[in-house]
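Engineer: Residue strings, one per chain:
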Amino acid sequence: MPRLPGGGGSAFRAFGISVTWFWLGAFALLPSLALLLVSVLDRGELDFFIPALTLGNYRELLGPVFLRVLWDSVRLAFFSTLVCLLAGYPFAYHIARARPKWRPWLLLLVIIPFWTNSLIRTYALILIIGAQGMVNRLLMALGLIDAPLVIMYTDFAVFVGLTYTLLPFMVLPLYASIEKLDTNLLDAARDLGAGSLRAFWHITLPLTLPGIVAGCMLVFLPSLGIFYVPEILGGAKNMLLGTFIKNQFLVANNWPLGAAASAVLTLALILMAGLYRLSSLRVAGREKKGLLGGNGDGKNPRREAANLPEAALR
Amino acid sequence: MLDTPVSAPPIIELRGVAKYYGSTAALHNINLSIANGEFLTLLGPSGCGKTTILRLISGFESPSRGELLLNGEDITDAAPERRQVNTVFQNYALFPHMSVWDNVAFGLKMQRRSRAEISDRVSEVLRRVHMEALADRKPRQLSGGQQQRVAIARAIVNNPLLLLLDEPFSALDFKLRKQMQLEIKHLQRQIGITFVFVTHDQEEAFAMSDRVAVMNEGEIRQIGSSQEIYEEPENLFVAHFVGEINVLEATITSRLDDGAYTANVEGKDFKLRSKREFEAGEDVKVLLRPEDLIVYLENEHPFTGQFFLGRIDEAIYKGATVDILLTLDSGRKLQAAEFFNEDDVDISYSPGDRVALSWVEGWEVVLDSEGE
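Protein chains in written order, with this note's numbering: chain Z, 1 to 314; chain F, 1001 to 1372.
No lab work stands behind these hints, which were simulated from the structure alone. C-beta: ideal position from N, C-alpha, C; glycine also.
Derived contacts from chain F toward chain Z, CB cut-off under 10 Å, selection only:
hint	residue
1	Val1085
2	Asn1091
3	Leu1094
4	Pro1096
5	His1097
6	Met1110
Label-pair ranges, simulated between beta-carbon atoms:
hint	chain 1	residue 1	chain 2	residue 2	range
7	Z	Ala124	F	Ser1119	56 to 62 Å
8	Z	Trp105	F	Arg1189	50 to 56 Å
9	Z	Pro64	F	Ala1079	56 to 62 Å
Using the sequences provided together with the hints, build the complete structure.
Structural biologist: So, in structure tokens, the structure goes:
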């Protein structure tokens, strides 16, 4: 830790930072390391694991069972994320461009569902998409269908459940980045001859990319890991990654295999976090690179600026 | 002045343009023609409608009434991206995710120009604003003055018929602002594009413009060269808005043959000159700039010609000049600015000194009392 400048505040600061580090170490880093360790241990007959190093668990993950689970999960998570993005972007855009006094209320509408346990909300979905649910009743009342559609216990039901549960996680980061966008930039783009579509493509989209990536991460990763939504809405037919991991720990008592699958998921998270960092850096632009790349010593751009006009007059 | 706004065909013309926001009028019946190559400044206090005129020309607002003609073509309903007009925004509005080069190239890319043409024109304009060495930087790595240059380059690279500048120097410090004023004026002369500049700073307006339009409450109160605005204000608003001015109450007593008048000014009889028509008995205002007043200590005054008598309240040393606050015997308070006289360095003004006050005949401006 770097030495902090003196004064009474520095002791408090050091304390605060220590507590934070301790918290992260004890409750985030340590469990993750333990998980990683278990993932390279062997499965025991009586114990959850025995202290013998092996890469067998990861090898087992390469087998057709897990790859099938992974493929189904990623596909479902991908489409949930895509639909959340396509629905969430215009939604977030309109909240961000609404009158300032309306915005908190519109955001509240996004947040209100959080006040109810998501498990209960998932059960509530059955009332809507079940055989006797509102959707089927409505369609039958309108005479569009004769027999109820089978929605429950299909991939589609899981997809609906994931999209519904995770949409706010897409909307909120998108809102934050769209709201920050300076509308003068869009005026400038139009002033320079860009129609509204091209202004969106060249200005709005790249500048809200961090929000898009953050939203996609916040939807994609949980939709890989959430196990109760597929379990409630999808029945037991199609196993997804979250359910697979849960089963290894709680049903099959195969901790090392569960840990290995979990480690793979964590790795995916780290990769995506890296991607996010990259995209936000691209938008922000790195001071360092520019200063080294430009002429002069880069220490005092204002002085450079002050010197230029004289040259202009000569 | 080179331009002759009357005879040259206007590059932009506003005909009877009005803009309402609900029931509030931002602009009343604006008629304005700007000649090709002219540097015109819209000057006025905040909320006077000067920025609204700019946004009407750029297309971000549409008028409630009236029409706009760009180079003879009606653009009243054209979208901003369809007008051959570019803007330098107040906060520059540079695209933060693009390099200087890409910012400047943006307009040409939108016009789908060839790669070679874009490359040539961008380098040329960057050279012109002395930013070619910093072409790879992002806007946030630039100082205020450099960002300013990029914003100008990004606009002029498109060869617009009209360049609009919305208080472009407001974020710069005093010294840099002076330099940029000069630089922009030089640039405008070189490239010959018509500039419409918006500012609330009178000095800035005078320093840069061929013509200045002084605005207040949605109306153009006077339009003319800097000198005309300053020396021949057409109403009290313009007189007060640009520089300091003394206003004296007077009543016309008679009209003389040579276009002059006799009038009772602050209780004394004077001969006044004015191009305006007045009738005997009419109440008028006589306007005098502080620097046009000549202050004599009472014991040095020849007591010929027309003059007032009064007393010094305060003398404020300003370096090149001394500001004298004084009260006439009629009770009116005035301000005079005297240059130091090289031949008479001993002269000193102290509070309480009795003085005589006159001015060069004909330098007064006479307005009727109505024109606030």
